[in-house]
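J.: What follows is each chain in one-letter form.
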Amino acid sequence: MKLSEMKVGEKGRITAVAGTAAFQRRITAVGITPGSVFEIIRREPNCPLLVYIRNTMLAVNADDCSRIETEAL
Amino acid sequence: MSDMTIALLGQPNSGKSTLYNRMTGSHQHVGNWPGKTVEKNEGSFTHNGRRYIITDLPGTYSLAANSDEEIVTRDYIADNRPDLMMIVADSSQLERSLFMLADYAGIHLPCVLILNLMDVSRTQGKLIDTDGLSKKLGIPVLPFVASDPASYNALYKLLESGDIPEWMLDTSGLEQNIREKFGESYTAACEALSGEDVDVYSPMWLFTKLAEGDEVAYEAVVQTKGIDHARLRDVMDSIENGAPKTGSCKYAWIDSLLEGCVGGAKSSAALSGFDKFATSGVGGKILAVAVIFGALLFSLFAGLPIMAVGDLIPGAGEPLSEMLLEAGASPFLVSLLCEGILTAVSFTVSMCGYIFGATFVFGLLEDVGYMARISYCFDGIMQKLGLHGKAVMPFLVNFGCNVSGCSSSRVLDNWSQRVTTVALAFVIPCGATWGVVGMISTAFFGTGGAMLIVLALFAVSVLHLYFTSKIFGRRLLTKSDRTGLIMELPPYHKPKWGSLFSFSVVRMVNAFRRAIGIVVLISVVLCILSYSKSGNFSDSILYKFGNAIEPVTIYFGLRWQTFVAWIASWMGKEGALGALAAVFSDSSVMSAVSQMNVAEADSDAVREGLTEVLTKPQALAFIFAYYFNMPCIMSLSAAIHETHSVKWVLRIAIHYTVMALVISCLVYHLADLVW
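Residue numbers (the numbering used here), protein chains in the order written: chain A, 73 to 145; chain B, 907 to 1581.
No lab work stands behind these hints: they were computed from the structure.
Hints may contain errors.
To be verified - Per the computed footprint, the stretches of chain A lying under chain B, defined by three or more beta-carbons under 8 angstroms from a beta-carbon of chain B, are:
#1 75–82
#2 85–94
#3 138–144
Stated by the list, open to error - Here are some chain B residues pointing at chain A (derived, C-beta under 7 angstroms):
#4 968
#5 1150
#6 1153
#7 1154
#8 1171
#9 1178
#10 1179
#11 1180
#12 1187
#13 1189
#14 1341
#15 1344
#16 1391
#17 1393
#18 1394
#19 1398
Every residue gets a Cβ at the ideal spot worked out from N, C-alpha and C, and that includes glycine.
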């Protein structure tokens, strides 16, 4: 399942990150890598997705979330 | 003893700048990295007779070559080889924060790890075994509380140790992970790299960077002799999704480091009640708008003392000129000095009030962590302009002062986004604009009419923004530059008043230094043009010139009086009011321009004069031309400083000038049909 499709309150684990090398580097640096466990905190229309991952509250652009594959926990 | 060089490395919000400020005090130098728009902070301190030179590297999330900041950081480390790297991590967000250490691992320079914000992690109930960590890493690990003097004493003691050259990070665990993940590829790549360091970089470090598709590292390797380039290329080409893979290795290493060294309560994912509201779709936006409005009011208040000083300066003009005239100085030179130069100084000082206020207040929002929430709320809107949420800050600051707005564009990730943001944010006129707009629109159209005009200005602003974003976005933002928002919502922090204050003062002083020369020059030119031997304005060059070109300016709805005012607002938006006062009171323009807060009587005279000379369509045309005029010279010089591109700033200035004239032309001719 893509990160963009997960519902608020759901927990999951990142399985793969697609996209350009530059995007992969950017997203890796903030803690989104295969194996990371996360929880979806907030999803509002016209706002980035709020994800809690590696002790950090991250706001991630909705389009970018569709490049991130996850599995539900 | 020779000086010791130290570099501070850490992620944003790790608190390393507080450390830097506390250690160096006033011994700081702010410059720019050569050829880059990145601020270079270098300071020094002396302890027990030894001088330490310390560089505060830009706060970045990693050492990947994603942005100028990261490239600058890497170049600095490789070229300058500081005696000691201090890597600062936020102990309240240890996992993510240690990524910088993991990305550094493999660079062969001595380092220490500073676990900052120990007070915060303690209140979270987290227990960190720094000795255990230190054993695993092979370097000293120092628990740190940036506000506690004892922490600094421990740090100074560490610096006096003779073992510094031996503090090399133990990367065997990380290398193990990489070997397991990449298998044959890693072994083959290391062989191709001949197993030796390039510069300060170990083969492992180079391998991870090449796997991540890092072009800068690639360049460095290509130029190195003794490497089997063909084989290396074959190996690296076979690796896919390098960054996620190396990232997993690095985080797995971090997890293994923290295992057994971090205990106590797990930090919670839940948003606080306040944050639930601050990040909600509608409520969050309403709150953000309210906070911004309050911040703007407060910034005006904070800058008030400095603005008052600026307002006092022209008062010295009259006694000074009398004194000089009595002493037999030439009237022309006296007028130049007392009117031209004093006015320029007064303008620039007053502007500094705005700059200080806006920098301080918006810096405060950033410092406590609320700015990230504002960026989050407005990300959707900014995306429509081809930008993302972080670009909202310059737009907001511009409501106060365009000079500070330019400086705040620094938060953006890359140069193209920065220039586009500066170009677009100039649609927002600074606080000074409203005085003139308010006065003229009420004089001609009454209070109700003035409100309609404000609405019309906003509506045209939206169109202007859209149009400008198309023009500049197409030229500046390629697809790869249009990155989406990936941003941390940091936990709320107490503001660091001291460093905030000194930061605002430094910004203000820098802006003053940059601007004063050019403002003086322009005001001297205006002064010469408006000078006449008889003292009557109608004998001046400016008057004759204005009359001569009126047939052209009237096409845009500008009479020569309003055209002069329009030009004068390049110096500072308030300049327009003074210029109008001059034109209608038949005195020298510059002496009137200096009366920024035109006295009640004068402003009545202006109003009377205006309503006699201008028709309603002409008044409307002037309001629009003035409102959408290019920002003042000081803002442009700030923009050049931030973008390092005279070419682009000139383009932006010309774009705004043309747009202002086109808009006023349209408004004039449309309004002419009505009245």
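J.: Now look at each hint and say whether the structure bears it out.
T.: To see whether the hints hold, each was checked on the structure:
{"no.": "1", "hint": "75–82", "in the structure": "violated (count 0)"}
{"no.": "2", "hint": "85–94", "in the structure": "holds (count 6)"}
{"no.": "3", "hint": "138–144", "in the structure": "violated (count 0)"}
{"no.": "4", "hint": "968", "in the structure": "holds (4 angstroms)"}
{"no.": "5", "hint": "1150", "in the structure": "holds (4 angstroms)"}
{"no.": "6", "hint": "1153", "in the structure": "holds (3 angstroms)"}
{"no.": "7", "hint": "1154", "in the structure": "holds (5 angstroms)"}
{"no.": "8", "hint": "1171", "in the structure": "violated (12 angstroms)"}
{"no.": "9", "hint": "1178", "in the structure": "violated (11 angstroms)"}
{"no.": "10", "hint": "1179", "in the structure": "violated (13 angstroms)"}
{"no.": "11", "hint": "1180", "in the structure": "violated (13 angstroms)"}
{"no.": "12", "hint": "1187", "in the structure": "holds (4 angstroms)"}
{"no.": "13", "hint": "1189", "in the structure": "violated (10 angstroms)"}
{"no.": "14", "hint": "1341", "in the structure": "violated (35 angstroms)"}
{"no.": "15", "hint": "1344", "in the structure": "violated (33 angstroms)"}
{"no.": "16", "hint": "1391", "in the structure": "holds (5 angstroms)"}
{"no.": "17", "hint": "1393", "in the structure": "holds (5 angstroms)"}
{"no.": "18", "hint": "1394", "in the structure": "holds (6 angstroms)"}
{"no.": "19", "hint": "1398", "in the structure": "violated (11 angstroms)"}
The structure shown violates the earlier hints numbered 1, 3, 8, 9, 10, 11, 13, 14, 15 and 19.
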